[in-house]
Amino acid sequence: QKEVEQDPGPLSVPEGAIVSLNCTYSNSAFQYFMWYRQYSRKGPELLMYTYSSGNKEDGRFTAQVDKSSKYISLFIRDSQPSDSATYLCAMTLSYGKLTFGQGTILTVHP
Amino acid sequence: DAGVTQSPTHLIKTRGQHVTLRCSPISGHKSVSWYQQVLGQGPQFIFQYYEKEERGRGNFPDRFSARQFPNYSSELNVNALLLGDSALYLCASSPGSGEGYGYTFGSGTRLTVV
Chain A
1 QKEVEQDPGP
11 LSVPEGAIVS
21 LNCTYSNSAF
31 QYFMWYRQYS
41 RKGPELLMYT
51 YSSGNKEDGR
61 FTAQVDKSSK
71 YISLFIRDSQ
81 PSDSATYLCA
91 MTLSYGKLTF
101 GQGTILTVHP
Chain B
1 DAGVTQSPTH
11 LIKTRGQHVT
21 LRCSPISGHK
31 SVSWYQQVLG
41 QGPQFIFQYY
51 EKEERGRGNF
61 PDRFSARQFP
71 NYSSELNVNA
81 LLLGDSALYL
91 CASSPGSGEG
101 YGYTFGSGTR
111 LTVV
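Protein chains in written order, with the working numbering: chain A, 1 to 110; chain B, 1 to 114.
The following block holds chain A by itself, in its conformation from the complex (with noise of 0.2 Å):
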């Protein structure tokens, strides 16, 4: 069973639609957790972090950690085309090590 899993789609969503992405993972110790975007050829690129159990916005990007279920969410809103890209969750202990789930696939179409 992997540390941290993710459901690697691929999604496809409308224009403006709500996006849902969710991981869930195994290893309680687990204390920062982040959600990244990486594009086509590209490094991933720090999206969201958040430190234990709670919510956290940035603009139209939400992230939820719920650690008693160890279950993490990243929602977009009025997602556009320019979102298209593999979002990858990640999470660490106290060190620097990432752990990283597969990734999920989104397209947004026009």
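No lab work stands behind these hints, which were simulated from the structure alone. A few of these clues could be false.
[Stated by the list, open to error] Below, in silico cross-link-like pairs of lysine to aspartate or glutamate (EDC-like), each with a Cα-Cα straight-line distance of 16 Å or less:
no., chain 1, residue 1, chain 2, residue 2
1, A, K67, A, E3
2, A, K97, B, E54
3, A, K97, B, E53
Following the hints, complete the assembly by docking chain B onto the known chain A.
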């Protein structure tokens, strides 16, 4: 400000050869980590270096090695290349060693082993 710089961007090697990948972190960042990303998968942790010392190693064979230089740049070396080593190799830098959320990634080196 310059981001994380990796070189070369693309590389083709033959099985059994050796390869060296290079990374320059963001100015002021003292920690560098290396990740391997196989097509269709998330990045897998290989190494972390902080202040020129190894701080973490992932589940990779001894054919993989790395080092960090006094200017905080880093090299990843892979010996006796296998076809399965074909991947995107990512370098990430951070100001310190413990703030996992603070990592900035480069665009990677795409290695193809034939």
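Hints breached by this structure: Violated hints: none; all satisfied.
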